[in-house]
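**Student:** The chain contents come next:
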Amino acid sequence: MDAYLTLIQLLDSTVRLATPLLLACLAGLYSERAGIFDIGLEGKMLAAAFFSAAVASLTGSVWVGLAAGIGASLALSALHGVASITFRGNQLISGVAINFLAAGMTVLIAQDWFRQGGRTPSLMGGARFEGITLPLADTLEPVPIIGPLYAELISGHSVLVYLAFATVPFTWWLLFRTRFGLRLRAVGENPAAVDTAGVSVVGLRYAAVAICGVLCGIAGAYLSTALQAGFVKDMSAGRGFIALAALIFAKWRPWYALWATLLFGLFGALETRPDVIEAAIGLKVQGQLLGALPYLMTVIILAGFVGKAIPPRAGGEPYVKER
Amino acid sequence: MTFMSKMLGAAAAAALSAGAALAEPALIFDLGGKFDKSFNEAAFNGAQRWAEETGGTFLEIELQSEAQREQALRRFAEAGANPIVTMGFAMADPLSSVAPDYPDTKFAVVDVNWLDLPNVRQVSFAEHEGSYLAGMMAAMATKTGTVGFVGGMDVPLIRHFGCGYAQGVKAVNPDAKIVANMTGTTPAAWNDPVKGSEITKAQISQGADVVYAAAGGTGVGVLQTAADEGILSIGVDSNQNYLHPGQVLTSMLKRVDVAVYEAMKAGEDLETGTVVTLGLAEDGVGVAMDEYNADLVTDEMKAAVAEARQKIIDGEIEVVSYYANDSCPALSF
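Residue numbers (my numbering), protein chains in the order written: chain A, 1 to 323; chain B, 1 to 333.
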């Protein structure tokens, strides 16, 4: 029973760690499926983390904070869109610029607003997303096996976690079962064909980049207002890049993205419990190895050892109608 | 023409007076940033105190990446700053290559004690002694007999903290269990409060009810989660008791501010080529007692800590340093 409870706690931690990765991964999925590579996920998450915490702290309402976070992330998305769609700039360079911009800007503004050295004050009460206790969680808790599973693992997360998981089937439906999704995918494979059909390539790509901005905004807000109670400089700590790795690992597919980010989240959770690994496999595994695994696995996938990851064909190339 | 020569004259006079004026000291912060509420902030407070007392000004830079270390050192040295005070063990290598090029400039470095350079003053702290006292308090405060340690980047310095802490815990309760985790192996581990929170939750699920964070900005997440989950935490470097009043047992103080203040005060007369170690005897390290943790600290704890402090100073208790043989008698990492 103890082992079972430990497993539940481990999975609970997995869910918390996977949620920002999942949101950022899906954000990248929309953008890249439409042919716009986005390595600025990290920067957008960071900017959203700051603005959601800052505005939540100023207004006392976490929902206003969330809106501000999404707004900040959308603004950076618009920048990426203007640079790479309208002006046909290099998408990778624009993404890198966004990362640097966010890293510097957040600390600068935080220092100017709060004078706490690039931090926001600690959020209290309504300025923070609290965990939601699902109906019957307390009643079911004494039930063996299912009780702890429901009360500990499924119940008790913040609303953003449930939103993130609901986004997976929605994304699948939107991309693979609607006209908008078909066009969005087509614009990442063969924009000329979409253009010939009389659909605006630029419009579709902007739409994809905007969706990416919204999702990154939620991911950032989750970091600073749900997992933490405030912003600390560079708090996204490379999660945007791990999300990109997960996106490649998931071969640009929504359901695979869920499994990939859960797997990477599990690595993160295991890293905090070396004793569990030792008990399970009888070997002392260095936490560093688990931290590096997401990247290692991505390299293996990219090298084509396990299946093959083929990016959208028109990815990274600005669309030029006529020369 | 007259205007021109006046300008030149003024410029020459300015240059002369600049040369005659005392050189400004410079302060280079480590990657955690000036306001990490911890190590670097303590340095800033020391410099600030010097500036207020003397009316002087100092140059400063917050490093953003590893590559800037040497660059910043050279820039300040070229600008004539003297002394140049630098923070953190990672400055050791850049200093070894830059300091010999500027023999007339004096450098001070905190947390380094293994260099052999005539114009560098090395200041290190006996963190294991202060952590030992924090460990004693943790062991006396715990109800479950399990305490936690969350390190930042996995470097010998942080193991040094953890090792002293573990010895303190074991001194009070030899059967106590210590759960130790490091946040990561890259500098990002100093600024990852989300991971700090997860580690704290993992330690709580293993029974820990007092957690010591020696992890820079990551520690903010550790202290927050400890407060949210209703367990006690121990802060580090600066006094962090006020962050969550009544929920931070104490803070292991490392008086970096004193080291920086004294270096700046000495100015160009700074004694270099020496290694200074500040321990309990010099009040370089210690545990913070103030109104925010007054309700948590029992008289018994105070007495035990005071007694142990005196015994360490007198040499009756020997706290083994992790550096001594790169291993810890009380804890395996």
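Errors might be hidden in some of the hints.
Pairs of lysine to any residue, SDA-like flavour, derived with a Cα cap of 20 Å [unchecked claim]:
#, chain 1, residue 1, chain 2, residue 2
1, B, LYS34, A, SER155
2, A, LYS284, B, ALA188
3, B, LYS34, A, ASP112
4, A, LYS284, B, THR272
5, A, LYS251, A, GLY315
6, B, LYS177, A, PRO121
7, B, LYS34, A, ASP275
8, B, LYS201, A, SER155
9, A, LYS284, B, ALA227
10, B, LYS34, A, PRO311
11, A, LYS284, B, ASP154
12, A, LYS251, A, PRO311
13, B, LYS201, A, PRO311
14, B, LYS34, A, PRO121
Per the computed footprint, the stretches of chain B lying under chain A, defined by three or more beta-carbons under 8 Å from a beta-carbon of chain A, are [claimed, not checked]:
#, region
15, 82-89
16, 103-115
17, 119-131
18, 173-186
To be clear, the hints were calculated from the coordinates, so they are not data collected in a lab.
We put the beta carbon where it would ideally sit given N, CA and C, even for glycine.
**Student:** With reference to the structure, classify each hint as holding or not holding.
**Tutor:** Verification of the supplied hints:
| no. | hint | verdict |
| --- | --- | --- |
| 1 | LYS34(B) - SER155(A) | 40 Å, violated |
| 2 | LYS284(A) - ALA188(B) | 24 Å, violated |
| 3 | LYS34(B) - ASP112(A) | 14 Å, holds |
| 4 | LYS284(A) - THR272(B) | 44 Å, violated |
| 5 | LYS251(A) - GLY315(A) | 13 Å, holds |
| 6 | LYS177(B) - PRO121(A) | 34 Å, violated |
| 7 | LYS34(B) - ASP275(A) | 35 Å, violated |
| 8 | LYS201(B) - SER155(A) | 17 Å, holds |
| 9 | LYS284(A) - ALA227(B) | 31 Å, violated |
| 10 | LYS34(B) - PRO311(A) | 42 Å, violated |
| 11 | LYS284(A) - ASP154(B) | 16 Å, holds |
| 12 | LYS251(A) - PRO311(A) | 7 Å, holds |
| 13 | LYS201(B) - PRO311(A) | 38 Å, violated |
| 14 | LYS34(B) - PRO121(A) | 16 Å, holds |
| 15 | 82-89 | violated (count 0) |
| 16 | 103-115 | violated (count 0) |
| 17 | 119-131 | violated (count 0) |
| 18 | 173-186 | holds (count 5) |
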